[in-house]
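Following the hints, put chain B in place on chain A, whose structure we already have.
Protein chains: 2
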Amino acid sequence: MKTTASSEMEMIELLYSLGIPAEAVLVSRHGKLFPETAQISKSGEAEIIFYKHKPPQFRPGEPPSHWKRAAYSPNCAYCKSAPAVYLPYAAQHLCPKHFRRLFEKRVKRTVRSYGMVKKGERAGVALSGGKDSYSLLHALISLREALPFELVAITVDEGIPGYRNRAIEVSKKRCRELGIEQHIYSFREEHGKTIEEIADQGKENPCSYCGVLRRKILNSKARELGLDKIAIGHNLDDVAQTAMLNLIRNEPLRFARFNEPLIENEKLIPRIRPLRDIREKEVAAYAFLHGHNYDSGRCPHAATALRWSVRHELNSLEDQYPGTKSRIASSFNTLQGIVKDSLKEKRLELNECRICGEPCSEEVCMACKMLSDL
Amino acid sequence: MKTTASSEMEMIELLYSLGIPAEAVLVSRHGKLFPETAQISKSGEAEIIFYKHKPPQFRPGEPPSHWKRAAYSPNCAYCKSAPAVYLPYAAQHLCPKHFRRLFEKRVKRTVRSYGMVKKGERAGVALSGGKDSYSLLHALISLREALPFELVAITVDEGIPGYRNRAIEVSKKRCRELGIEQHIYSFREEHGKTIEEIADQGKENPCSYCGVLRRKILNSKARELGLDKIAIGHNLDDVAQTAMLNLIRNEPLRFARFNEPLIENEKLIPRIRPLRDIREKEVAAYAFLHGHNYDSGRCPHAATALRWSVRHELNSLEDQYPGTKSRIASSFNTLQGIVKDSLKEKRLELNECRICGEPCSEEVCMACKMLSDL
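Chains A and B are the protein sequences, given in the same order.
Under the working numbering, the first residue of the first sequence is numbered 10, with each subsequent residue one higher.
Under the working numbering, the first residue of the second sequence is numbered 10, with each subsequent residue one higher.
Source of the hints: derived by calculation from the structure; they are not laboratory data.
Owing to the predicted nature of the structure, the values given are computational and were not obtained by experimental measurement.
Where hints are given, some of them may not hold.
Identical copies carry no separate label here, and so any pair may be met within one copy or between two of them.
Listed next, the in silico SDA-like pairs over lysine to any residue satisfying Cα-Cα at most 20 Å (straight line) [to be verified]: (1) Lys212 with Gln329; (2) Lys117 with Glu260; (3) Lys238 with Gly129; (4) Lys349 with Leu262; (5) Lys353 with Arg197; (6) Lys181 with Gly346; (7) Lys202 with Arg115; (8) Lys212 with Tyr330; (9) Lys202 with Lys230; (10) Lys212 with Leu323; (11) Lys128 with Arg224; (12) Lys230 with Asn342; (13) Lys202 with Tyr330; (14) Lys117 with Ile150.
Here chain A stands alone, though its shape is the one from the complex (with noise of 0.2 Å):
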C-alpha cells in the first residue's frame, strides 16, 4: 500500500474493528486512498469500501451496528453479486453494476427535474480530469441512450504545475477513447498568464481570480461551438459549500443565481450541474468504477480559500449529523427561488463588456477588469 502511514493505520484499525480482513479490501485502484474524498469519515466509519477479491467475513456475532442488515448479507442488494460500494444512508452494498445504475438513475432524475437538457441540443462537459467532471462525462454519455443530444468536452489549462497537466492527460486520454469531441484552451493563450504566475504576483486570493477567468474562457468559446449549455462537475458537497459561503460572504442574492442565470441573453450559455443532488463520494466512487485512476490532491493554492475552511466545517458537522449537505441544498432551493422572486421587478439588464464584448451587468466584465490589473 502506497497510502500515507497515518491514513494506512486508520484503514487498517477500521478494517480492524468490522472484522474484515485487511487484504480483502483494495482502497483504490493502486492501493491509496483518495485523501480528497475521505472514505473513513471522522466517527471511524467507512463510507465507501472497495471490495478487492471477495465480500467481507464477519467474525459470527461481531457486526458493527452501523452496517445493519447489511452486515448479514454482504452481497449486492440486488443481483447478490460480489459488492463493491457500501452505502451506510441505505444500508446496501452494491455491485459496480447496479451502483452504476443507481447513479445514472439519479443524475437523469436531476436533468429532467431541472429540464437542464432537452433532446437534440449541443451541450459541453467542462472536463478538468478530475473525478468531478470525470464522473459527469460518464453520467451524460450513458444519459443520451434516453435523451439524445449531442456532447463535446472543453478543458481549461490553468496552468498549475504538478496539479492540473496530469488530470488534463487523463482527460485527454479518456475522450480519445470514447470518441468524444475535446477542445482545450489555456490561460496562457487566451488571458496571456497562467494562474501560477499571477499567484506568483502576489494577489491574496488566486482562486478568485481563478473561477473569474476560467468562466469567461467556458462562456465564450462555449458560444463559439455553437453549445446550448455548459455542464459543470458540482456535486452535493458543491452545493452546500457554495450556500454556506453566499451566507458567510454576505452575498445573499447569490441564491437567486444557481439553476439558471438570472438574466436570459443570447450570449450567456447557461450552465447546469446534472450531478448537484449526489454526494461527492459516490461522484468519486462511479469515477472509479469507470477506470479513473489518478488522484490530483488538492489544487496547491485550495488552502488560501475560504471554500476550504468551510468544506471542512461542513464535514465535521455532517460527521455529527448525517444529512446535514442534504438539508442545506434543499434549503438553497427554496431560497433560489423565493431570491430570485424578489429580484424581478428590478428590470435588470446586461451590457457588452467595453474591452471583451462578453455579457457583464457593468461597462467592464470582471475578467477584463481583473486582467488590467495584473
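Chain B in isolation, oriented as in the chain A frame:
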C-alpha cells in the same frame, strides 16, 4: 487561580508572548476564565483582557503585530486613564467608562434603527441571570435615560440543578439592588415538570422542549403583565448561529421570523433583541464590568444541541476569517426582508390553541403538543 490547567497555561503563554507580566492581568473577578466566552481565541490572540492594576508594559521593540498602534499607547483611547478592555478590530484600549459608553451607544442605535421600544411602552427583559440577559438589563436601564419606558424582569426557572438555580439568585439580588420589579415563573408550576425530568424521560433533544416551553411562559406571562415588548439577550453570535441553523435544518422560511413576528396578533407579544449587533465577548465584558461575577458554565444539556456544534464551527471560521459572524448577520437581515415579502401573498392566519388558548398556527400549539406527549 482556579482555572483549569490548560486554560491557565494558555493564558500564561499568551501573556509571555505579549510581554505582559502575568500578575498585571485579572482574567475575571475571581481569577477564573469565562470558559463560555473564551477570551483567548484559537489563534492565540487575546480578544478581551481585563487589567488588574496597571496597563501592560511592553518590552521595547517587541509589541506583537496584532496589537498595532494600540500596543504603543496602552491607555484608554478616549481619556488616557487605565484601560480595562482591548478591542482588537479597532486596535483600541478602553477604560470601563468609555467601553460602557460605546456599548450603550450601540444598543441605542440598534433599538432606534429597528424601532424596538417606543417612549412610554412597558417592556419586560427575559432575565436568566447569565451574562447576556444581565448585560441586557443594564443596557436597557441606561437606555431609559434618553428614552423613558417602563422596565420589568421576567425570569423562567426551567429546573436545571446546578446550572439555573445560582443564576436565578444572581438575578434576584441584582433586581433588588436596582429596584427592578421581577416576576419568576417555573416549569414545575406552569408545566408540571422540570426540563430535567423531561430530559430524564429520554427525550432526544431536551433543548427543543426547553425553548418551546420557555417561550410559551414568556409570552403568556408578558400578556398577563401588560407588556408591550419582551427583550431577549441574543447577541451577534446567536444571530449568526441562527442563520446557519436555518440553512442546516432546511427551514429557510424561518429567515422571515427574526425581527418581528410574521403575523401581528394582540395575543403575541413582540420579542426584541437589543444586543443583536454586539459580539458575545463584548456582552460578557459589559456584564463583568457591571459586577456580574457568576460564570454559569455551559448548560449540561447543551452538548446534545446542533447549535453547540454550529457555534464551535463558527468560532473556528471567525478565527480564520475575522468578521465572518457580522457578515452572516448582515446576510440574515437581507434575507429576512426578502423571505418575509415572499410570504405576504400567502394569507397567514393565527388560531388559538384548543387546549391553552395561546396563539398558534395549527389547532394545538407546539407546547401543548409536547406536554401531551410526555
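Hint check:
For the homomeric pair Lys212 and Gln329, the shortest alpha-carbon distance between copies (18 Å) is at most 20 Å, but the shortest distance inside one copy (36 Å) is not. For a Cα distance limit of 20 Å, the shortest separation of Lys117 from Glu260 qualifies neither inside one copy, at 31 Å, nor across copies, at 27 Å. Taking CA atoms no more than 20 Å apart as the test, Lys238 paired with Gly129 passes inside one copy only; the shortest distance there is 12 Å, against 61 Å between copies. Taking the shortest alpha-carbon separations for Lys349 and Leu262, both the intra-copy value of 8 Å and the inter-copy value of 15 Å come in at or below 20 Å.
When the C-alpha separation of Lys353 and Arg197 is checked against a cutoff of 20 Å, the pair qualifies neither within a copy, at 39 Å, nor between copies, at 52 Å. For the homomeric pair Lys181 and Gly346, neither the shortest alpha-carbon distance inside one copy (38 Å) nor that between copies (49 Å) is at most 20 Å. Taking identical chains as interchangeable, the C-alpha atoms of Lys202 and Arg115 are never at most 20 Å apart, the minima being 39 Å within one chain and 48 Å between chains. For a Cα distance limit of 20 Å, the shortest separation of Lys212 from Tyr330 across copies, 17 Å, qualifies, whereas the shortest one inside one copy, 37 Å, does not.
Taking the shortest Cα distances, Lys202 and Lys230 sit within 20 Å of each other inside one copy (18 Å), while across copies they are farther apart (68 Å). When the C-alpha separation of Lys212 and Leu323 is checked against a cutoff of 20 Å, the pair qualifies neither within a copy, at 27 Å, nor between copies, at 26 Å. In this homomeric assembly, Lys128 and Arg224 never come within 20 Å of each other (Cα to Cα): the closest approach is 25 Å inside a single copy and 55 Å across copies. In the homo-oligomer, the alpha carbons of Lys230 and Asn342 never lie at most 20 Å apart, since the shortest distance is 29 Å inside one protomer and 39 Å across protomers.
Neither within a single protomer nor between protomers do Lys202 and Tyr330 lie at most 20 Å apart by alpha-carbon distance, with minima of 43 Å and 29 Å respectively. Taking CA atoms no more than 20 Å apart as the test, Lys117 paired with Ile150 passes inside one copy only; the shortest distance there is 11 Å, against 62 Å between copies.
Checked against the numbered hints above, the structure violates hints 2, 5, 6, 7, 10, 11, 12, 13; every other hint is satisfied.
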